[in-house]
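**Student:** Chains X and E supply the protein sequences, listed in that same order.
Heads up: the first sequence is residues 10 to 419, going by my numbering.
Heads up: the second sequence is residues 10 to 419, going by my numbering.
In case anyone wonders, no lab produced these hints; they're calculated from the structure.
Just to be clear, a hint being listed does not mean it is correct.
To be verified - In silico DSBU-like cross-links for lysine-lysine, where the CA-CA straight-line distance does not exceed 35 Å: (1) X:220 x X:298; (2) E:384 x E:18; (3) X:85 x E:349; (4) X:302 x X:268; (5) X:43 x E:104; (6) E:294 x X:305; (7) X:142 x X:224; (8) X:39 x X:69; (9) E:18 x X:104; (10) X:294 x E:67; (11) X:104 x E:302.
As the list claims (entries may be wrong) - Chain E stretches covered by chain X per the calculated footprint, using a threshold of three residues with CB under 8 Å from any CB of chain X: (12) 41-50; (13) 69-77; (14) 145-159; (15) 166-177; (16) 244-250.
Backbone N, C-alpha and C define an ideal beta-carbon position, used for all residues, glycine too.
Number of protein chains: 2
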Amino acid sequence: MKKIVDFSKFLLSNSKIITAPKGFCASAVKAGIKRGTLFDLGLLLSKNETFVTAVFTKNKMMAAPVLFCKQLLTEKTMFRGIIVNSGNANAGTGKTGFDDCIEIVKNLEHKLNLPEHSILIASTGVIGQYLPKNKFFQSYPLLISQLSEDDNNFPEAIKTTDRYTKAYGLKIQLDNNRTFSIGAVAKGAGMICPNMATMLAFITTDVGGDKQFFKASLSWVVNQTFNRITVDGDMSTNDSVFLFANGESQVFLNTQYEKNLFKMALLYLCKKLAIDIVSDGEGAKKCVKIIVKGAKNNREAKIGAFKISNSMLVKTMIGGEDPNWGRIIAAIGASQINAKEENINILFNEFQLVKNGMYTSQTIEEKIADLMKMKNYEITIDLNLGKGSYFVYTCDIGHTYIDINGGYRS
Amino acid sequence: MKKIVDFSKFLLSNSKIITAPKGFCASAVKAGIKRGTLFDLGLLLSKNETFVTAVFTKNKMMAAPVLFCKQLLTEKTMFRGIIVNSGNANAGTGKTGFDDCIEIVKNLEHKLNLPEHSILIASTGVIGQYLPKNKFFQSYPLLISQLSEDDNNFPEAIKTTDRYTKAYGLKIQLDNNRTFSIGAVAKGAGMICPNMATMLAFITTDVGGDKQFFKASLSWVVNQTFNRITVDGDMSTNDSVFLFANGESQVFLNTQYEKNLFKMALLYLCKKLAIDIVSDGEGAKKCVKIIVKGAKNNREAKIGAFKISNSMLVKTMIGGEDPNWGRIIAAIGASQINAKEENINILFNEFQLVKNGMYTSQTIEEKIADLMKMKNYEITIDLNLGKGSYFVYTCDIGHTYIDINGGYRS
C-alpha cells in the first residue's frame with residue numbers, strides 16, 4: 010500500500026486546507042497576545058458535532074490546556090471545535106491556568122450559543138505567564154464574525170518562532186461517488202533542542218469511520234512522524250496533535266483497503282509537516298535523516314538515532330558541511346547501546362565513509378563534503394550486530410538559533 | 010574538615026605547578042600535529058618510579074590511548090611518566106590506533122633508556138584520524154633535551170579549543186618537618202554539550218601513601234568535580250584523569266587527619282579545574298551552579314540537574330540574562346523524574362522567583378534579571394518531595410560556540 014499510492018497527485022493546491030473537508034470553518038484575529046500586530050488567536054469549528062481524538066505531550070509538566078483537553082477527552086469524544094492562541098503557552102500556571110481555560114472556553118461557548126464542553130483549547134508561546142483572558146473575550150465578536158469556510162489566517166495565528174506556515178491537504182476519491190478530504194496544519198520550530206519546542210497540529214477530515222480506528226491511526230501516525238523529531242518522553246509542556254473527523258462527506262471508511270488508504274494519507278500529511286518542522290528549526294538550513302540499523306534491537310536503534318540526532322557536535326558538523334564522522338562514533342559510544350567499533354559502517358547517502366570502523370578514503374570524503382552542501386540527505390549508521398533499526402530527522406544548528414532563543418522574550 | 014582548611018592560602022603562585030612536587034619534570038614541543046605552530050606534544054616524567062591511578066571515560070567507544078592505558082594499569086601501577094598530544098584524539102582508529110600507541114610509547118621508552126611499559130599516553134583532538142607517528146619520533150630528541158623541573162609549556166601542549174591554560178598547585182605543611190605539594194593541570198572546553206568534549210587532567214604529588222587510598226580518593230574527587238560537568242556515562246571517547254604520586258617528599262600520609270587533608274586538597278584543586286573548564290565552555294561567558302534538592306532521591310536529583318543543565322533553552326536563557334523560568338519547569342517535566350508543579354520552588358541565589366509552582370513578583374524578577382548579568386550565580390530548584398539533592402555546573406551558549414564547532418576541522 011505504502012508504495013502503490015502516490016499521494017502527491019492528490020495534494021490540494023490552494024490555501025483552503027483545514028477547511029477543505031466539508032463542514033469546517035475557521036477564523037483568526039490579532040488579539041494582542043503576541044508582541045507586535047500579528048495573528049495570535051484562531052478558531053476552528055465544525056458546523057455539526059465532530060469526533061475528536063488527540064495525542065498529547067509526555068512531558069510531566071503538562072500545560073493547563075493539555076490537562077484541560079485530556080480530561081475532557083476522557084469524558085466525551087464529540088465536540089464542535091477548538092480555540093488556539095500563540096504568544097502564551099499557559100504552562101507553569103497551576104490551578105489559575107486551568108481555571109483560565111475553563112473561563113475562556115465557557116465564554117466562547119456562550120458567545121457561540123453552544124452547550125458546555127463543546128470547545129477544546131490549545132496554547133503555545135512563553136511559559137510561566139497567565140493568559141490575558143480579557144484579550145480573548147474582547148476578540149471573540151470579531152473572531153466569530155469572520156468565521157468562514159476558508160482557513161483565513163488560522164495557520165498564521167498558531168505560529169511562534171516558525172518562519173513559515175505549514176499546511177497540507179489531500180482530496181481522495183474512493184470510487185465514482187465517494188470522495189473525502191483531509192487537511193492538516195502544524196506549528197513548530199526550534200528543533201535544535203527538540204525536547205522543548207512546542208509542536209501543535211490540527212487535522213480535519215470529513216470522512217466517517219470507526220472511532221477506535223481513528224484513535225489508533227492517529228497514535229500510529231504520530232509515532233511514525235512527529236515522534237521521530239521529538240525525543241520520546243521528552244516533549245514540550247504543550248505538544249498536541251488533534252484529529253477532527255466530522256463525517257460530513259457522508260463517505261464512510263468501510264473496507265480494510267479504505268482504512269489503510271486513510272491511514273497512509275494521514276501518514277503522508279504528517280510526514281510532510283514533521284519534515285517542515287525540522288527544516289524550520291530555528292535558523293536551520295538542512296534536514297537530515299539519521300538512520301541507525303543493525304542494532305541489537307529497535308529500542309537500542311532508537312536510543313542511538315536520537316543520541317546522534319541531538320548531539321550538538323553532529324548538528325554543528327552538519328551545519329559546517331564537514332564529514333567529521335568521529336563525532337558520530339563518539340555519540341554512539343555515549344549512547345551506551347551495544348556497538349563494536351570494528352563492526353560499524355557509516356554512509357552518507359550511497360557513499361561509504363566508514364567500513365568496519367575504518368575510514369575508507371579521501372576521495373569518498375571529498376564526495377561526501379560535496380553531498381553535505383545539499384539541504385537534504387541521509388546518514389546511515391549500520392552497527393552490524395542485529396536487526397534493530399530506527400530513523401530520526403534532525404537539522405543543523407546555526408547562529409540564528411542563538412539569536413532567536415537568547416532574545417525570545419525580550 | 011571541609012570548612013576548616015582554607016586551601017587558597019596554600020595556592021602556588023608561580024607557573025611551576027605539575028613540577029612543583031619533587032622529582033617531576035616536564036617538557037613540550039611544537040610537533041606539527043595541530044594546525045599552525047602551536048605546542049602540541051608534552052612529556053611529564055618522574056625521575057624515579059611513580060604510583061599511577063586513573064579514571065577514564067564511560068563512553069563505550071574508548072579511544073586507543075584510553076584502551077592502552079586501561080590495559081596497562083590493570084597489569085602494573087608503577088610508571089615513569091606520560092606522553093600527551095593535542096590535535097588528534099587517536100579515537101575511532103581501531104587496531105591501527107592501538108598499535109600506534111604501542112609504537113609511539115616504545116620508541117620514547119627506547120630514547121629515554123627506560124624499560125618497556127614505563128610510559129603512558131593520552132591524546133585529544135580530532136576523532137577518526139591516525140596519529141602522525143613520525144611527527145612524534147622526530148620531536149623526541151628536542152622534547153627530551155628540554156626536560157626540566159619546570160612545567161615548561163606542558164599545560165599549553167594539551168590544549169585544543171581551550172582559551173586559557175588551567176593549572177593550580179598547593180604546598181601543604183603537615184608539621185614542622187613535613188611538607189608536600191600537589192600540582193594539577195587540565196584541558197577541556199566545549200562544555201556546551203558536555204557529552205562530547207574531551208577532558209584531560211594530570212595531577213602530580215610528591216607525598217607517599219597507601220595505593221588503595223590514592224585510588225579511592227581520585228575516584229571520589231572525580232565524581233564530585235569533573236563528573237558534575239559531564240553527563241554520567243556520557244563522556245567523550247578520551248576523557249582521562251591521571252594521578253601520579255611518587256613519594257619523593259619522603260612524607261607519608263599516616264593518620265586519618267592527614268589522609269583527609271590530602272583528599273580535600275585534591276577536591277579543592279579539581280573543583281577549581283572543573284569550574285575553569287565550564288567557564289571556558291566554547292564561547293561561554295557564565296558558569297552557573299544548578300542545584301536540585303527536595304527530589305525523591307539523589308538519583309532523581311542528578312537526572313533533573315543534568316536535564317536542566319543540558320537544556321539548550323536554559324543555556325540560551327542564561328546567555329540572554331532573562332529569567333524565563335518556564336524553561337526550567339519544562340526541563341524538569343521532560344526529565345520524567347517525580348515532581349509536582351505546585352510543590353516547586355525556584356531561587357536565583359537568594360531571590361525566590363517561583364513559590365509552590367507560582368511566579369512570585371515582578372520586583373523579584375527584576376532583581377534576578379540584574380543578578381543574571383553576573384558571571385557566577387546559583388539556581389536552586391527545590392522539588393519539595395524528598396531528601397534527594399545534586400548539583401551540576403553549566404554555562405551559557407553563545408555565537409562563539411557555533412563558530413568554533415562549525416569550523417573545528419576546517
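**Student:** Now, for every hint given, state plainly whether the structure supports it.
**Tutor:** For each hint, the structure was consulted:
1. X:220 x X:298: 33 Å, holds
2. E:384 x E:18: Holds, at about 24 Å.
3. X:85 x E:349: 27 Å, holds
4. X:302 x X:268: At roughly 30 Å apart (the allowed maximum being 35 Å), residue 268 (chain X) and residue 302 (chain X) satisfy the hint.
5. X:43 x E:104: Since the Cα atoms of residue 43 (chain X) and residue 104 (chain E) sit roughly 58 Å apart, the hinted pair is violated (cutoff 35 Å).
6. E:294 x X:305: Distance of about 42 Å is beyond 35 Å: violated.
7. X:142 x X:224: 32 Å, holds
8. X:39 x X:69: It holds: about 31 Å lies between the C-alpha atoms, which stays within 35 Å.
9. E:18 x X:104: 53 Å, violated
10. X:294 x E:67: Holds: residue 294 (chain X) and residue 67 (chain E) sit about 33 Å apart, inside 35 Å.
11. X:104 x E:302: 24 Å, holds
12. 41-50: violated (count 0)
13. 69-77: Our answer is that it holds, as 3 residues pass the Cβ test (under 8 Å) against chain X, meeting three.
14. 145-159: That given contact is violated, which follows from only 0 residues of the segment 145-159 of chain E lying within Cβ reach (below 8 Å) of chain X.
15. 166-177: violated (count 0)
16. 244-250: It holds, with 3 qualifying residues against the three required.
Against the hints set out earlier in the document, violations occur for numbers 5, 6, 9, 12, 14 and 15.
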